[in-house]
Every structure is written in C-alpha cells, then in structure tokens.
Amino acid sequence: MATVRLPEDPSLEQLRKQAKDLRDQARAGVSEALGLVGTHHPDGPHPPSLAGAQLVVARRHGFSSWATLKRHVETIQHYRRVPDQVDTASSPAEQFPLLACLSYGHDDNPVRWHQAAELLAVHPELTNASVHAAAAAADADALAALLAADPTLAAT
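Going by full-length UniProt numbering, the residue at position 84 of the sequence shown is 84; the numbering climbs one at a time, nothing skipped.
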C-alpha cells in the first residue's frame with residue numbers, strides 16, 4: 001500500500017477538507033474515491049462516514065489512525081519555526097528587521113523592503129527599541145546607545 005508524504009507544513013484544516021471531499025465523492029460513486037477507500041479502509045470500497053474518510057486520509061499518509069495523524073500534525077505546528085515570517089501582531093521594532101533584511105525565502109522581494117521603509121517612516125523611534133532594528137536601519141547612533149546601556153545586547 002503506497003503512501004503519500006504530508007506537505008512540509010501540514011494543515012489539519014486541509015486534511016479535514018480532504019476527508020470530507022473523499023466522503024462526498026465516495027458517496028457520489030466516484031470510482032477514484034472508492035478505489036482509495038478500498039485501498040486504505042479495512043471494510044473495502046464503500047461510501048464511508050466522515051470518521052471512515054478520516055481513517056483513509058490518515059492511512060494514505062502512512063498513519064494507523066486519524067488520531068495519530070492529528071497528533072503528528074499538531075506536534076509539527078507546535079514546534080514549527082519560521083524565522084522570516086512577519087507576525088503583524090508583533091511590535092514595529094520586531095517587524096522591521098524581518099521586513100528589512102534578506103531572509104532568502106520565497107517572499108524575499110522589494111515589496112518587503114518598501115514595507116520596512118514605510119514602517120520606519122511611520123515609527124522612526126523603533127530603532128531605539130531594538131538592537132536588531134537599529135542594525136537593520138544602519139542607525140549607528142541608536143545602536144551605540146543601546147549597547148552602551150546594555151552591553152549584553154551584543155550577544156543577542
């Protein structure tokens with residue numbers, strides 16, 4: 001029984017949608033859906049309940065149950081780290097270096113740098129709040145003042 005790898009950033013919402021779509025397609029008699037159910041469900045090809053469709057989705061991805069798949073995805077989401085992702089809920093001083101500096105990611109483009117420039121124009125004081133923001137803005141005076149006040153910031 002061949003399995004399909006989960007995406008790098010799996011989504012429970014997307015997996016639930018896959019299960020609902022599979023259930024609906026199997027109920028409609030779509031042969032591809034019934035074949036998938038037949039391959040991965042212990043009762044063979046039949047129109048499954050939502051729980052049955054979730055089991056098929058889990059087994060298709062190499063997990064013994066939906067609960068095991070769900071726990072795996074929740075663990076990935078809990079420990080996932082995306083350092084170049086800008087959180088709009090964070091402070092301007094935290095957002096600025098993420099927008100201004102190269103991240104070498106798929107969204108590394110001039111739009112981000114323009115957003116950084118706009119953020120700095122609206123909040124010029126942000127360079128006084130963070131060594132990272134001061135360095136990203138090339139504000140040597142703010143950086144010197146921050147390091148003079150707390151030399152341990154040089155190691156952050």
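Don't read these hints as lab results, they were simulated from the structure. Some hints here could point you the wrong way.
Taking CB as the label site, the calculated pair distances span [to be verified]:
1. Asp107 <-> Gln77: 16 to 22 Å
2. Ala67 <-> Val111: 19 to 25 Å
3. Lys20 <-> Val122: 14 to 20 Å
4. Gly105 <-> Thr39: 32 to 38 Å
Glycine included, C-beta positions come from ideal geometry on N, C-alpha and C.
Comparing the hints with the structure gives:
1. Asp107 <-> Gln77: 16 to 22 Å: Roughly 20 Å apart at Cβ, these two residues keep to the hinted range, so it holds.
2. Ala67 <-> Val111: 19 to 25 Å: With a Cβ separation near 41 Å, Ala67 and Val111 fall outside 19 to 25 Å, so the hint is violated.
3. Lys20 <-> Val122: 14 to 20 Å: Between Lys20 and Val122, where Cβ atoms are some 43 Å apart, the hint is violated.
4. Gly105 <-> Thr39: 32 to 38 Å: Hint holds: Cβ distance 37 Å, inside 32 to 38 Å.
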